[in-house]
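S.K.: Just so you know, the sequences run in chain order H and X. If you read the first sequence in the numbering used here, its first letter stands for residue 349, the second for the next number, and so on. If you read the second sequence in the numbering used here, its first letter stands for residue 7, the second for the next number, and so on.
No lab work stands behind these hints: they were computed from the structure. Each statement offered as a hint is correct.
Here chain H is said to cover these stretches of chain X; the calculated rule only asks that three of the stretch's residues, wherever they fall, bring their Cβ under 8 Å from a Cβ of chain H:
1) 49-62
2) 80-87
3) 267-276
Under the rule of at most 27 Å between Cα atoms (straight-line distance), these lysine-lysine pairs were calculated in the DSS-like manner:
4) H/Lys407 / X/Lys260
5) H/Lys760 / X/Lys106
6) X/Lys87 / H/Lys760
7) H/Lys760 / X/Lys49
Being a predicted model, the structure only gives us computed values, none of them experimental. The beta carbon of each residue, even a glycine, is placed where N, CA and C say it ideally should be.
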Amino acid sequence: MIRTAGYILAVLFSLPIIAGLLGSVLPAFGLLPPLAATEGFTELFADPRFWPSIFLSLKTAVIATLLALSLTMLTLVCAHGTRLWRWLNGLLPPLLAVPHAAIAVGLLFLIAPSGWFVRLFSPSITGWERPPTAWVVPDSGGWSLILGLVIKETPFLLLAAAAQLPAVKVDAALRIGRTLGYAPARCWSRLILPQLYPRIRLTLLIILAFNLSVVDMAILLGPGNPPTFSVLLLSLVNDPGSRAVASAGALVLAAGVGLVFLSTFMLEKLISYLAARRRESGHRGNALPVWRGLAQGVVIGGLLLSVLAIVTLLIWSFARRWRFPNILPTEWTMQHWGSRLGEFASPLFTTLTLALFTMIFAIVAAIIWLEAERQNKLPKIDWIWYVPLLVPQVTLLFGWQAMALLTGTDGKWLSVAYSHWVYAIPYVVLILAVAWRELDPNWNNAASVLGAGYWRVLFRVRLPLMIKPVCQAAAVALAVSVAQYLPTLLLGAGRHQTIAIELVTSFGGVDRRVIAVLASVQSVLPLIAFVLALWIPVYFKVKRPA
Amino acid sequence: MKIITLTKNLFKSALLAAALMTTHQAFSTELDDSWDQTIEAAKGQTVYFNAWGGSDRINSYISWAADRIAEEYDVTLEHVKIGDIAEVVGQLEAAKTVGKNTDGNVDLMWVNGENFAAMKSGNLTWGPFAYNLPNASALKASDALTTDFSVPVEGLESPWGGAQLVFIYDTATVPEPPKSAAELLEFVKTGGRFAYPAPPIFQGTTMVKQLLLELTDNHDALAQPVQEADFAAVTEPLWNYLDQLHPNLWGKGKSWPSSAESTRQMVDDGEIDIAISFNPNEASAAVKSGQLPESVRTYTFEKGTIGNTHFVTIPYNATAKAGAMLVANFFISAEAQSRKADPQYWGDPTVLDLDNLSDSDKALFSSIDLGPWALPIGSGIVLPEPHASWAEALEGEWLKRYGN
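Working from the sequences, and respecting the hints, build out all of it.
M.R.: Next up, the structure:
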């Protein structure tokens, strides 16, 4: 039975992915006559915005990914083992939970010429009575977007790296290195990082793919004229005359992601060749405390930026009047959280119901899958979970939307919930798999010997022991669902408004203070989930008899 | 044998007729239904109203209308917030191509100008429903309501409100605002801060049309379809002007405000000096809700600015046509129009002729306080929109020149 359930799951998970890819490939070549009767590549390549937007996407994605990788490495080298490292371990998971769109909005309120940063120092230090004109946000070069991506993706990569540190035996490596006379930083660069990198490579590729195809953050922080490639494609896909062009673009984007992956591998080979030669040099080097301090400063600065972005959101949500260059609002109000929030009751309800559905079904599905795998009734195929994370959302979802249009399933709540599930379950399975596979089989055996049946063992022994990872995975599923913009937009056909959709679509015109409320709500929901995920296991542990 | 076949056929026809009648009762609303039938048919319907969702005051207004309609008629009004209604027109075109003639996703939509023109020429509207609305009797008798960007309306859409391009500035930073295209150029060249949203955002397109109206000598060409005009010759002064204007704007012609509303926010922040708006009373509403300082004022260019009317229409394949008609009718009630004219809630000019109203309804309008911040009543000459076809041509050329 569990084998059948496992196979059904595999089909449920792969069906939209295969259909989605087909739904992008067919119209791109004009093979889906009701939606697209002619191929779209010619028109795509003729669009004057094509090359500029491709270039912009590549530039922002590659620079942001390289910066996130460098910051991660820098943090590991300069902060590991210090008090800062312990702080980071506490601060990173909640920061990771804050959705991209919310951080983007906070960042806009922070770094604009009239933003909080300039207000903090004007006119006292800068002498500016009016906002400077030297820069604008969002800028046409895409640097605001890069900054947003870096402060969102670095915590993700850093946590992934931190999780791998025990496996590369950091302390032992440091000890050996020091004994051989290498400076600590050299121990990292010569001994630890070469082992660590292959273990975080997949996470890095996920980030790269995400940065290349991100839509919500690019709409908010990216240039508009031309926008990034995926935003350009989004503006095309809703115009039915352009379905073929948009699908062709989605394929170009996927191919672009593939090419960038390939270049990453080649770059990797080059660097490991150079690094090997340097290792052979035997050069020991000195510890450089100045660099260490500087690097710690960069790390703290990045963290401060995220935290301040969220604080700015909260302040704006309570402001009535807050003009440049006042450091704080001159008039405060609760009105935006009171009467105004009432207007968002319906999107909030949709957000919550989608998130709960996603959470419950992702957890149940992951448990079924891992149980089947544990009993050797299913092959161990972790790679399939990475597919939706590595294929650009635009490519998958344009096709999924096309198929939904053809089958009349667009605009249905269940279609939206389904898409959230597909994007949440990979994280849930990958988080739970570690704990599931590590759990000592003797727990099971002992309980079985004592006469407990399968279900009893599962519910009374295995799951209670797993409560911590299950709660964490549930919180992640909820956070993923709350943040979903593109799936909700494309499959919801405008009929299922969520907080994420409200935030992005109404950004340009709406009252900044209401936007701040929306972004705060979007940040708070996953944070509550993370607090609960920490609290529930503790609560149940206390109640269990010793 | 013959008799059996005949009976069979009769039986079949009876079944078919019965089926048709049930369908009719359950789903179909016809243009010649009486208003009472419409009210009855609408009960329990959900009307998906696709409307631009970029202004939170407008969103609040629609949300208020939804509450009132639910109370009055047992109809649920769902506001589907759209970035650009042209997308919805495109979706309807696609639905028409694949033959999806019933159960459409859109019941009512907010349109005008080139989008209405596209719907009319593509037969995407349901029909002349606007003639059937009881409240239509109080509408102004004016060309502004019977033609939409020079295209005859013919009852295919129902008027909802008026609009005019205006400028909002802060008297604390700008003593004397520019009152013509030429003065605007001088203003930005001498350190004045200005920006407009990039076309095809409609306020951006309107700004470009406004400049064209002032800069070209050939006004007759603008009233005709663009295909009949010498586009390059008519628009040449416009591009010369913009080439000089753009490097001096906020964003240096490389970054653009994401909407007209954000120019208002930028005036409050001090990033720019003059905001553009398509609502003569916007400043008043913004001051009252704490989004602009009390020192702002609203004005138009000396020779006038472009104004137009916006409408709602029902697509040919709408699911809840009866409900959509009730909503369209509610939108032109004195209650809904007076609230819409009040800058506290929305604040755009009404489409009703106050002389057609009862005294109590008239009183609803006279109690509205516009304040000193709105465009003073009676000031600001309204210039007609160019023919609907100009918008797309201008947007295309603008994007080609300044889009990347």
